Amino acid sequence: MSLFGKKQIDTAAVTYISYAGETRQVAVPIGDSVMEGAIKNGIDGIVAECGGACQCATCHVYVDEAFLGLLNPMQEDEDEMLNTTRCPRRPNSRLGCQIPVTKQLDGLIVRTPEAQQ
Amino acid sequence: MKQDGVVIVGAGQAGFQVAASLRMEGFEEPIALIGDEPSLPYQRPPLSKGFMLGKQDIEGTALRPLAFYENHRIELVTGTKVTGIDRMSRAVSVASGRNLRYDTLVLAVGARNRMLPVKGAELDGVCYLRTDAEAVEIRQRLEQARDVVVIGGGFIGLEMAAAACALGKSVRVLEVQSRLMPRVVSQILSDFYRDVHTGQGVGISLGVSLSEIRGDQGKVSEVVLSDGSRWPADLVLVGIGVVPNIELAREAGLGVANGIVVDEQLRTEDESIYAIGDCADHPNPFAGGRVRIESVQNAVDQAKCIAAAIVGRAENYRAVPWFWTDQFDIKLQMAGLSSGHDRVVARGEPESRKFSAFYFREGRLAAVDSVNRPGDHLAARKLIGAGTEITPEQAGDPSVDLKSLVG
Numbered sequence: 000m001s002l003f004g005k006k007q008i009d010t011a012a013v014t015y016i017s018y019a020g021e022t023r024q025v026a027v028p029i030g031d032s033v034m035e036g037a038i039k040n041g042i043d044g045i046v047a048e049c050g051g052a053c054q055c056a057t058c059h060v061y062v063d064e065a066f067l068g069l070l071n072p073m074q075e076d077e078d079e080m081l082n083t084t085r086c087p088r089r090p091n092s093r094l095g096c097q098i099p100v101t102k103q104l105d106g107l108i109v110r111t112p113e114a115q116q
Numbered sequence: 000m001k002q003d004g005v006v007i008v009g010a011g012q013a014g015f016q017v018a019a020s021l022r023m024e025g026f027e028e029p030i031a032l033i034g035d036e037p038s039l040p041y042q043r044p045p046l047s048k049g050f051m052l053g054k055q056d057i058e059g060t061a062l063r064p065l066a067f068y069e070n071h072r073i074e075l076v077t078g079t080k081v082t083g084i085d086r087m088s089r090a091v092s093v094a095s096g097r098n099l100r101y102d103t104l105v106l107a108v109g110a111r112n113r114m115l116p117v118k119g120a121e122l123d124g125v126c127y128l129r130t131d132a133e134a135v136e137i138r139q140r141l142e143q144a145r146d147v148v149v150i151g152g153g154f155i156g157l158e159m160a161a162a163a164c165a166l167g168k169s170v171r172v173l174e175v176q177s178r179l180m181p182r183v184v185s186q187i188l189s190d191f192y193r194d195v196h197t198g199q200g201v202g203i204s205l206g207v208s209l210s211e212i213r214g215d216q217g218k219v220s221e222v223v224l225s226d227g228s229r230w231p232a233d234l235v236l237v238g239i240g241v242v243p244n245i246e247l248a249r250e251a252g253l254g255v256a257n258g259i260v261v262d263e264q265l266r267t268e269d270e271s272i273y274a275i276g277d278c279a280d281h282p283n284p285f286a287g288g289r290v291r292i293e294s295v296q297n298a299v300d301q302a303k304c305i306a307a308a309i310v311g312r313a314e315n316y317r318a319v320p321w322f323w324t325d326q327f328d329i330k331l332q333m334a335g336l337s338s339g340h341d342r343v344v345a346r347g348e349p350e351s352r353k354f355s356a357f358y359f360r361e362g363r364l365a366a367v368d369s370v371n372r373p374g375d376h377l378a379a380r381k382l383i384g385a386g387t388e389i390t391p392e393q394a395g396d397p398s399v400d401l402k403s404l405v406g
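Heads up: the protein sequence lines correspond to chains E and P, in order. No gaps in the numbering here: position 92 of the first sequence is 91 in numbering that gives the first Met the number 0, and each next residue is one more. No gaps in the numbering here: position 340 of the second sequence is 339 in numbering that gives the first Met the number 0, and each next residue is one more.
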């Protein structure tokens with residue numbers, strides 16, 4: 000039993016593929032971000048220095064093309080920060096903290112870059 | 000033989016990060032993380048931002064779920080105050096009477112709010128923000144409040160003012176200095192933020208000093224200034240800075256000054272004891288001297304620095320300081336430390352609400368404050384960290400690509 004009482008939470012499956020090719024699929028609560036899904040499950044490859052405030056660009060991910068059309072649109076600050084990531088920006092680059100997980104994103108696949116810092 | 004492992008006093012951002020980083024480093028010995036608050040370790044920045052605005056729930060501020068600590072064999076001791084350190088036998092005692100032995104002790108004891116030294120400060124409705132519990136209380140009180148007076152025009156005060164304003168309250172900020180955020184930013188930023196707040200309807204009073212807070216039947220009713228002017232208030236939010244928690248270290252005979260005194264590797268004079276985060280008075284190459292820094296970045300990077308040292312990779316602490324504040328739709332990001340600067344150059348126009356201020360000290364770039372220019376901020380962190388030469392003319396010329404200067 001959890002100390003804090005069990006709530007039934009809807010989740011979506013998100014698969015994280017590391018630069019080395021290691022694959023992990025985890026259940027991320029709807030509303031949590033792709034970054035939080037990684038941090039809370041101890042997935043390396045995402046640093047998230049600022050804790051999800053869109054300040055540091057260390058949660059850079061490459062989103063599988065099949066899901067690009069289902070993502071929330073990118074805001075200006077995320078767009079600008081993606082120009083300064085450690086690894087090259089690609090057309091499918093996003094910051095994990097700016098992608099809230101939705102039911103539609105169930106099955107989402109993201110790849111993490113070789114380095115974040 | 001080592002076997003008592005690491006005891007961490009303080010379960011805020013810094014203390015948490017030491018535990019997490021030690022396990023990531025492959026450290027196998029016991030880790031105890033002791034905090035005096037009842038919650039799971041959590042992030043403080045959202046308390047005055049996303050949470051206060053109702054965009055984030057309080058559970059969402061937890062740094063990790065409970066299972067993380069179990070899975071990583073981190074003994075999390077919450078709601079528990081450490082009462083003393085016995086350096087001879089290498090043990091800390093906690094309020095319950097229990098003793099925890101250590102090979103390495105980490106003091107990540109943080110800071111506490113500076114209390115308002117005026118008559119009436121004890122009235123119901125005078126609130127401070129540091130903990131999650133305080134944030135929840137302020138959020139509840141904001142529901143009922145009509146007239147909010149914020150005392151202190153620093154980051155926390157202005158973030159609370161912005162949130163209260165966004166929630167439709169009448170808000171007045173009182174600042175004793177002649178400009179906003181005087182400790183951290185220059186005049187150009189102070190003026191910009193005064194315009195942002197007044198443009199949203201927040202009243203700003205600069206260069207004023209408090210006389211007293213008056214109440215009605217124990218509840219706050221108005222704030223009186225030394226010039227006799229009065230501001231009605233049913234909620235007073237105080238953000239006038241913090242004082243480091245040095246008492247535990249001092250009672251253990253460790254050196255204290257503007258915090259717990261540590262060396263370049265964040266060690267106290269007792270080689271088994273480190274101090275990190277808000278409480279650590281440390282030599283910082285970007286300050287050109289000793290400094291105490293209250294920020295997430297400093298907490299996290301100092302934690303990582305000593306976790307590496309504990310597993311045998313001791314190095315001097317030399318991470319570039321950076322900070323941020325969100326107020327209304329304006330993102331301010333600061334890189335480096337601007338104290339002692341002798342020249343400020345603007346890149347972009349404040350009127351465009353996208354600009355950066357570059358601070359030079361003796362001809363070298365010391366710090367950059369960026370408003371809605373996150374690209375400048377990230378480039379600045381690299382430039383300052385690498386000590387890259389950049390002239391004031393280059394800094395002020397938006398056609399110069401900062402990224403291209405980063406070596």
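Quick caveat, the hints were computed from the structure, so don't treat them as lab data. Please read all numbers here as calculations on a predicted model, not as lab measurements. Be aware that a few hints might be false.
Each computed DSS-like pair below joins lysine-lysine, with the alpha-carbon atoms no more than 30 Å apart [claimed, not checked]:
1) P:Lys-168 with P:Lys-54
2) E:Lys-39 with P:Lys-80
3) E:Lys-39 with P:Lys-218
4) P:Lys-218 with P:Lys-402
5) P:Lys-118 with P:Lys-54
6) P:Lys-402 with P:Lys-381
7) E:Lys-39 with P:Lys-168
8) E:Lys-102 with P:Lys-303
9) E:Lys-102 with P:Lys-54
10) E:Lys-39 with P:Lys-118
11) E:Lys-39 with P:Lys-54
Negatives, chain P to chain E, calculated, CB over 12 Å [what the hints assert, rightly or not]:
12) Arg-22
13) Met-23
14) Pro-45
15) Gly-49
16) Asn-98
17) Glu-133
18) Asp-146
19) Val-260
20) Val-299
21) Ile-309
22) Asp-325
23) Gln-332
24) Pro-373
25) Leu-377
26) Lys-381
27) Asp-396
Using N, Cα and C, we set each Cβ at its ideal position, and we do this for glycine too.
Here is what the structure says about each hint:
| no. | hint | verdict |
| --- | --- | --- |
| 1 | P:Lys-168 with P:Lys-54 | holds (17 Å) |
| 2 | E:Lys-39 with P:Lys-80 | holds (27 Å) |
| 3 | E:Lys-39 with P:Lys-218 | violated (42 Å) |
| 4 | P:Lys-218 with P:Lys-402 | violated (54 Å) |
| 5 | P:Lys-118 with P:Lys-54 | violated (35 Å) |
| 6 | P:Lys-402 with P:Lys-381 | holds (9 Å) |
| 7 | E:Lys-39 with P:Lys-168 | violated (36 Å) |
| 8 | E:Lys-102 with P:Lys-303 | violated (36 Å) |
| 9 | E:Lys-102 with P:Lys-54 | holds (20 Å) |
| 10 | E:Lys-39 with P:Lys-118 | violated (46 Å) |
| 11 | E:Lys-39 with P:Lys-54 | holds (20 Å) |
| 12 | Arg-22 | violated (9 Å) |
| 13 | Met-23 | violated (8 Å) |
| 14 | Pro-45 | violated (8 Å) |
| 15 | Gly-49 | violated (8 Å) |
| 16 | Asn-98 | holds (25 Å) |
| 17 | Glu-133 | holds (19 Å) |
| 18 | Asp-146 | holds (30 Å) |
| 19 | Val-260 | holds (27 Å) |
| 20 | Val-299 | violated (6 Å) |
| 21 | Ile-309 | holds (20 Å) |
| 22 | Asp-325 | violated (7 Å) |
| 23 | Gln-332 | violated (6 Å) |
| 24 | Pro-373 | violated (5 Å) |
| 25 | Leu-377 | violated (4 Å) |
| 26 | Lys-381 | violated (8 Å) |
| 27 | Asp-396 | holds (18 Å) |
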